[in-house]
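Undergrad: Can you build the whole structure from these sequences, using the hints too?
Protein chains in written order, with the working numbering: chain P, 1 to 178; chain V, 1 to 818.
One thing to keep in mind: the hints can contain errors.
Said to hold, decoys possible - Computed, partial: chain V to chain P, Cβ under 7 Å:
| id | residue |
| --- | --- |
| 1 | A67 |
| 2 | P68 |
| 3 | L245 |
| 4 | S328 |
| 5 | Q593 |
| 6 | K812 |
| 7 | Y816 |
Said to hold, decoys possible - Label-pair restraints from in silico Cβ distances:
| id | chain 1 | residue 1 | chain 2 | residue 2 | range |
| --- | --- | --- | --- | --- | --- |
| 8 | V | N41 | P | E160 | 30 to 38 Å |
| 9 | V | Q119 | P | N62 | 38 to 46 Å |
| 10 | V | G626 | P | S113 | 45 to 53 Å |
To be verified - If you want the ones that stay clear, here's a sample from chain V, every Cβ over 12 Å from chain P, calculated:
| id | residue |
| --- | --- |
| 11 | V275 |
| 12 | K364 |
| 13 | R431 |
| 14 | G525 |
| 15 | G644 |
| 16 | A684 |
| 17 | D713 |
Simulated from the structure, these hints should not be mistaken for laboratory data. As the structure is a prediction and not an experimental result, all values here were calculated from the model. Built from N, CA and C at the ideal position, the CB exists for glycine as well.
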Amino acid sequence: MSKKCNRLVDVGRRQFLRGSALAAAGAAASTVTSAPAQAAPANAQIDYPSGKLANIADLAVNAPMDIEYPDADSPGILIKLGEPVEGGVGPDGDIVAYSVLCPHKGWFMSYNSEDRTMNCPGHFSRFDVEAGGQQVWGHATQNLPQFTLRVDDAGDIYAEGCSDLIFGRPTNVLYGEE
Amino acid sequence: MAYKRQIDRLPIPPADAKVHNVTCHYCIVGCGYKAYTWPRNKQGTLTDNAFGIDLGEQQPADGTWLAPSMYNLVQQGGKDVHLAVVPDHDCVVNSGLGSIRGARMAENRPSRVTGTQQQRLTDPLMWRNGVWQPTSWDDALDLVARVTARVITEGSEDELVVSMFDHGGSAGGYENTWGTGKLYFESMKVKNCRIHNRPAYNSEVHSTRDMGVGELNYSYSDYEVTDTIFMIGANSLETQTNLFLNHMVPGLRNGARMIVVDPRRTVTVNAAEEVAGVENVLHLAINEGSDMALFNAILTHIVDNGWTDDDFIANSTFQNGEAVAMDSAHPAALGSLDMAMQACRTSLEEAAEVCGVPTDDIVKAAEWIAKPHDDGSRRKCVTCYEKGIIWGNDNYRTIGALVNVALATGNVGREGGGVCRLGGHQEGYYRPSDAHVGRPAEYVDQFLIRGLGGVHHIWACDHHKTTLNASEFKRVHKKRADLVKDAMDAAAGGTREQIVDAIVSAINAGGLFVVDVDIIHSQIGQNAHVILPAVESNEMNLTSMNGERRLRLSEKYMDGPGTAKPDCLIAAGMAQHMERVLREMGNDAYADQFKGYDWETEEDAFMDGFNKGNPEVTYERLRAMGNNGVQEPVIGFENGQLIGVERLYTDGKFDRHGRDDKRALFCAAGWRGWQAPGKAREKANHKFWINNVRANIFWQNQFLDQDSDFVQDRFPYPFIEMNPDDMAELGVNPGDLIEITNDNGATQGMVYPVTTAKRGHVAMVFGSPAGSQGNVINPGVNELVLPDYKHTWGDIRKLADATPQARAVSFKSKEYTA
Ligand code: SF4
Ligand code: FES
Chain P
1 MSKKCNRLVD VGRRQFLRGS ALAAAGAAAS TVTSAPAQAA PANAQIDYPS
51 GKLANIADLA VNAPMDIEYP DADSPGILIK LGEPVEGGVG PDGDIVAYSV
101 LCPHKGWFMS YNSEDRTMNC PGHFSRFDVE AGGQQVWGHA TQNLPQFTLR
151 VDDAGDIYAE GCSDLIFGRP TNVLYGEE
Chain V
1 MAYKRQIDRL PIPPADAKVH NVTCHYCIVG CGYKAYTWPR NKQGTLTDNA
51 FGIDLGEQQP ADGTWLAPSM YNLVQQGGKD VHLAVVPDHD CVVNSGLGSI
101 RGARMAENRP SRVTGTQQQR LTDPLMWRNG VWQPTSWDDA LDLVARVTAR
151 VITEGSEDEL VVSMFDHGGS AGGYENTWGT GKLYFESMKV KNCRIHNRPA
201 YNSEVHSTRD MGVGELNYSY SDYEVTDTIF MIGANSLETQ TNLFLNHMVP
251 GLRNGARMIV VDPRRTVTVN AAEEVAGVEN VLHLAINEGS DMALFNAILT
301 HIVDNGWTDD DFIANSTFQN GEAVAMDSAH PAALGSLDMA MQACRTSLEE
351 AAEVCGVPTD DIVKAAEWIA KPHDDGSRRK CVTCYEKGII WGNDNYRTIG
401 ALVNVALATG NVGREGGGVC RLGGHQEGYY RPSDAHVGRP AEYVDQFLIR
451 GLGGVHHIWA CDHHKTTLNA SEFKRVHKKR ADLVKDAMDA AAGGTREQIV
501 DAIVSAINAG GLFVVDVDII HSQIGQNAHV ILPAVESNEM NLTSMNGERR
551 LRLSEKYMDG PGTAKPDCLI AAGMAQHMER VLREMGNDAY ADQFKGYDWE
601 TEEDAFMDGF NKGNPEVTYE RLRAMGNNGV QEPVIGFENG QLIGVERLYT
651 DGKFDRHGRD DKRALFCAAG WRGWQAPGKA REKANHKFWI NNVRANIFWQ
701 NQFLDQDSDF VQDRFPYPFI EMNPDDMAEL GVNPGDLIEI TNDNGATQGM
751 VYPVTTAKRG HVAMVFGSPA GSQGNVINPG VNELVLPDYK HTWGDIRKLA
801 DATPQARAVS FKSKEYTA
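TA: Below, the structure is given as structure tokens:
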């Protein structure tokens, strides 16, 4: 048991090391993109990039797909639940996507396909992907950031927004439109 | 649908934001936070900000992050300012961890801009013309003083009943316990008083004190170096969150084992198993209320195997039989180990029978606590306990039996040891002597129910949500308060004199005049005639100590709402009005007793009280000690630093009982089954045990959380955990509303399925505004008036299908499963 736990901790550590490495590159990019942005008045609402995540045909029920949105430093999952849920898209109203950075202290969470929850090895928080990312139990002071999805006629799934602030950033769109 | 904040960016605190030390004012752990405030029209940038980090990068796990719940827009010195309250990485208590309670501090502040906590009281209210009308402080305090002075001079101070908090944090702290304490225990000698969470003015842990062992004797660091954590009646991951995460988890990672005594499997057991491995965690799921038999069997096994610490026992504990006889103030005799063993001796088989756990597990517990290592060295064991036995069966003897184990094994005053309560609120008690209250103290709820007392002053207590026998208490309290309201209504338009006369006549006819000091209009406040608005921590400067006696100054960073004031200054105002009114009544000698309250600020109250007993400690020095503060007692001041004490009793001398020999006493904790009246009969007559539990998401009785969309979205009704087979038998589904009934009353909540719940056990969250568990708790208390909230039995029926709100919430297991 303890072994299992430590392994998960390591997965988490690898993930955020990866995150920081990419962030360094992202920061360099942001210095370039933010300069012209200052010239134009900022909108009251953030403009989210529209990111193609997958096609409906790529998804099998209860088999989550790793995604990155709004940028490569913000890992998430895209999942088809097989039952319609509130906020679900697609012909069956059952496709949802969430950030997988725990909104407590940002550890990388893993999916339990048995009871369809995201579980955090950091301090044992868990979130229900069938209930809008509601925290089932845990330390976070918000529910899991859920990505706003759109499906086009070709069945391509796009993320175009987010319900809550993503861990580790003062703004969800950190690097401007990419 | 889960509650979404729809916030996708936040202002950035600028590098020149003001920084304030904050100790979280919710639970006992007292985590350190930094509060940043800055003007409304300023902000920092991604690279130049108060955190000194590049916010243009995705922050790594455990990095600094301002969550939306840590942000608000509040008033400071009459101006709107941004506020960010962020966990402090440099505080040794929490090392940067927040919790689901503390990390919402900013969001739980009143803000007219963001609309948060608009339930906060802003002005004094007085019952006038059938409603509560806002009024001035002078007007409100004048009425309070006139009625109170009339009643205590025409009768005696015994006519004044006081319910007052005795804790730190929240609106407590050394400032406010002193203000109220000076008023009621020095200017007056009020003896019909009670504390916020129990129906009398008494200790929650009399026996450990009588045995010489103060209940907060360790340092949190002891968990990190111990061999065994022995936890009883506590669920620390939920209720002392960062103590568990930042001190117990490191201990488990360092190889400690953990024993958890709790009839219910909790997330604490689950998390301990995840960290240490199931083989290193022993969950003793004993029958409810049988803890003492377990402790006695463990002690017997340790004694019989010679695992006692004989040097410690010889040098630090009483040797000659009985030291204190059993009497009306001592529910058990105290003395030497040999004397105690005559009452405590319990075989493994007897305990297994009473507790419903295998003898092997009791042996294992005894071994993990006390069987020396292979090299002969002693095991270290930290013993920690809380409400499971404090609000449990036979409080005095049960806690005594537990402290016996720690004393017999020498695990007090040593690194990696300690026998401590875990605590609820922080502590912050500094008051004149309460000796006049007596022991056993008056059972104040019953005093009021019997129609006694004429004036009830209530300070930040909501008995309607939290007391026992609450159905009857609420019925009688309302009836008596309504007599006074009716009299006030009838005298509407009259002069102050006529109103006071009308109130006093109503009191003489069985009425009760109720003054409620609180931060919100509470449930018991519905019966109030005068309501006085108080501020909370950080709307004033406030000092408290945490569960390892760590004293900090939590600094004021914002204005209180409206004209709300610190409790200490409200008490001072009451005293000044009492002095004036008594003088007008021609009672100069009595009036003189109310002198000495010329405080302008909470710091003045601190200097008048705590500083007099602890002259080294000032606000300035505490401010300099920052979020790490100093562990009490403070024994000096050197090189600009206050000097404290990391753990108590390292010299093996025990003094909490006040005995000159400084020797600890053992407790003759003889098992006697259900101690409190009515419990055995209730158990026999009802199907379900109604366990009374807490949840990490709620702070206490939800007085702030009832106004939090995030919290109420998760549990719109109080949850009642139930085994799915019991649910099937009752024909209820997740989220259905059910009613619990017994002879004491009825309450209700929402079914939450839990597969690990034992059949016939349900676990209801305590103190909910939408369903008070106290309604069904019988009035039974122990000899010293300690309530047994935890032992209630009732029958259950379905009230209604799950509401749409309840249907939308998650009913999955709370246990982490990777
Ligand atoms: S663990 Fe307690 S003190 Fe720490 S942040 Fe949470 S509520 Fe506050
Ligand atoms: S980081 Fe996920 S529970 Fe703490």
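Undergrad: Each hint should be assessed against the structure and marked as holding or not.
TA: Going down the list of hints, with the structure as the test:
With a least beta-carbon distance of about 6 Å to chain P, the hint placing A67(V) at the interface is held under the 7 Å criterion. Because the beta carbon of P68(V) sits about 5 Å from the nearest beta carbon in chain P, less than 7 Å, this interface hint is met. With 7 Å as the threshold, the beta carbon of L245(V) comes within range of chain P, its nearest partner Cβ sitting at about 5 Å, so the hint holds. Below 7 Å, beta-carbon pairs count as interface contacts, and S328(V) has none with chain P, the closest being about 45 Å; its hint is therefore violated.
Checking Q593(V) against chain P by beta carbon gives a least distance of about 48 Å; that is not within 7 Å, so the hint is violated. Restraint check, K812(V) versus chain P: the minimum CB separation of about 5 Å is within 7 Å; hint holds. The restraint placing Y816(V) at the interface with chain P holds, with a minimum CB-CB distance near 4 Å, inside the 7 Å limit. Checked against the hint of 30 to 38 Å, the C-beta distance between N41(V) and E160(P) comes to roughly 32 Å, which is consistent with it.
Evaluation of the 38 to 46 Å hint for Q119(V) and N62(P) yields a pass: the beta carbon distance comes to about 43 Å. At about 46 Å, the beta-carbon gap between G626(V) and S113(P) stays in the expected band of 45 to 53 Å. Separation of V275(V) from chain P is inadequate, the least Cβ-Cβ distance of about 6 Å not exceeding the 12 Å criterion. Once the 12 Å rule is applied to beta carbons, K364(V) is consistent with being away from chain P; the minimum gap is 17 Å.
At the 12 Å boundary, the C-beta of R431(V) stays outside the reach of chain P, the nearest C-beta of that chain being 35 Å off. A cut-off of 12 Å between C-beta atoms confirms that G525(V) is not in contact with chain P; the least separation is 28 Å. Every Cβ of chain P is farther than 12 Å from the Cβ of G644(V); the closest lies at roughly 29 Å, confirming the non-interface assignment. For A684(V), the requirement that its beta carbon stay farther than 12 Å from each beta carbon of chain P is met, with the minimum near 35 Å.
With a closest Cβ-Cβ approach of about 8 Å to chain P, D713(V) is found to fall inside the 12 Å limit, against its non-interface label.
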